[in-house]
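Participant: Those sequence lines, one after another, are chains A and B.
Here this note's numbering is used: position 188 in the first sequence is 188, and no number is missing along the way.
Here this note's numbering is used: position 12 in the second sequence is 12, and no number is missing along the way.
Worth flagging that the hints you see were computed from the coordinates, not collected in a lab.
You may find that some hints are simply not true.
[Unchecked claim] Partial selection, computed: residues in chain B whose CB lies under 10 Å from chain A: (1) F116; (2) G125; (3) L126; (4) P127; (5) Q129; (6) V131; (7) G133; (8) Q136; (9) S138; (10) L140; (11) F159; (12) L172.
Built from N, CA and C at the ideal position, the CB exists for glycine as well.
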Amino acid sequence: MRTTFEQRLEGLEAKLLQMGQLVQSQLERTLEALASFDTTLADEVIVRDDQIDRVYVEVEQEILRTLALQAPVAKDLRLVAGVLHINSHIERMGDLCVNMAKFVRITKDYPPVPEIQSTLTEMGSHAQRMVAAAMTCFARRDLELAERLPILDQPLDRLNSEIFRQIDRATDDRALEWASRMILVARYLERLGDHSVDIGEQVVFIVTGEVKELVPSKAIRAGVEDV
Amino acid sequence: MPTPTLIAIGVGLVAAAVLAFLTARAVGRPVAALRRTVHRLADSTLPSWRWTEPDDVQGLTNELSAITTRLRERLDGLTEERDRAGQILDALDDGVLLLDGAGRLLVANPAARSWFGLPDDLRPGLPVQRVLGVPQVSELAERAAEAGAPVVGNLTMVFPEPRTLALRAFPLADRGPTGRIVVTMADITQRRRLEVLRRDFVANASHELKTPVAAVRALAETLLTALPEDPEAGRRFAVRIGWEAERLDVLARDLLDLSRVERGTLDVEPVDLVGLVKEVVGGYADRAEERRVRLSTELRPSVAVRGDRAQLGLLLSNLIDNALRYTPAKGTVCVRLDATESRAALQVADTGEGIPAAELPRIFERFYRVDKARARQTGGTGLGLAIVRHVAEAHGGTVRVDSELSRGSTFTVTLPVAGPPGPVA
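Bound conformation, chain A alone (with noise of 0.2 Å):
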């Protein structure tokens, strides 16, 4: 009986890091996607959300069944309670990724303003890696970078305050269009960073069974803030 509950929460365990790397992949294709007007490109990472939707259906009712059948305890309910959660953030990211893709088809005739794009690439890079990142973090069960998450997600937050900024670089009502648009794309990549963030406190509680919010040190901050 308990090799097949542990089997269980492996088999979860493995398909939680398939569906991290689904999205890593999603991220990559949108990203190049809206650096090159690739329409072709955006559409398939639309397609392919249903896989990440599919995964993430059988990861939630495989949850539900271990609940009711296993009644897990202690530890193990807290890994069971915090793939359900991660399992959620994981199918939001995907989601975020294909709500960039939509905006490659819409926005492919407007005029891009090259600031905002080379700000959106950096922050294209830096939520690739935060994704990646908590991947690491949930695989290792690292404590140590869940706690240097926040740190890293710091320059998506300036990054996305920094595109308001850039907006007036627009000069006409197209490039107008074209940068409102990428404003909420900048929000999502932002977003990204966020979910990242709560992917590592699930692990600091599946790990500790401690439930707190990740959020960086004033000493760190300003020492970042100084890079």
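Based on these hints, arrange chain B on the given structure of chain A.
Facilitator: Okay, now just chain B, sitting in the frame of chain A:
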């Protein structure tokens, strides 16, 4: 002798004999057993050992100590062998992982540990997917186990560092516990980057060549139709064909220069920089006058470096050419030469339009242009600064740019000066 004494002696002798017999048996049996054991030990551990059937305890002791010595030697040999294998793993640039049949990580060498950000005292026996945080490695290992043959794949990571790895998993079928898989990983990040660079270069070069060629074709066609009716227009077209041909010529020359510089063979000799600067600047006097730009020099007497005179001349003429190109009439271009004990500094400063800060990191890339729309108008090939950087670096030097919009740009090349002749090469 009284009888009781004799009896006592007799009894004593008999008792002694019995005792001696018993003792001999008590000691002899275990000694024989011990001898057999030692023999077997010698046989199984030291196949080439010459066994000299010991017949007393001393002999046995000698055999045992000899065997102990041999065993120690063998153990030392094995330890040495293991350490050597470990040292090789530690020194490898490539990452190596050893997984057991259940996909648990047994060994990760330092290269692999640093790429995945793993601690040095990594606990062996954890599922590899959990340790690495990516599923690709265990998937590859599973495929290799199923196929019973090596399987290759790629892994692109973004955390802890962006990196592309080429993976190869192969099952260890015949030796050791079954199901073990070795995964080797090579870092191909740099190679990928170079591939992209090369692809871009070919694409850019073809594009740059195509534009003037297309213009020449169109102009030639127009010329053919225009010539009979309007000889004056024909003359204008012919002039423009000449311009385009000139552009092609400049581009071909720059491409040749760049390839020569990138090949990295230097014709090293002592070069008098002062003389070189005067010579190159002299060659641009007419161009400067034509563009109404003041071209001046501020030179420190006698600065010499060791290097390739022709290439250094190329570096300087590219910098001056650029400066003249982007400086409007009534501006100035100043070439300065300064030196410390170890470094020579060559500066070309202009009062031109300057370069936006965001573009500065990229201007030394081949075919990179700050203002794409104006590139044709100014007539540069986009290769000049790439040539400058290559020459500077090939000479152990650096190139730096300081620029302010509408104030001008200053390019500074520092080169190691030729030391006094002596033991230092």
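Participant: Please list, smallest to largest, the hint numbers that this structure does not respect.
Facilitator: Result: hints 2, 10 and 12 break, sorted rising.
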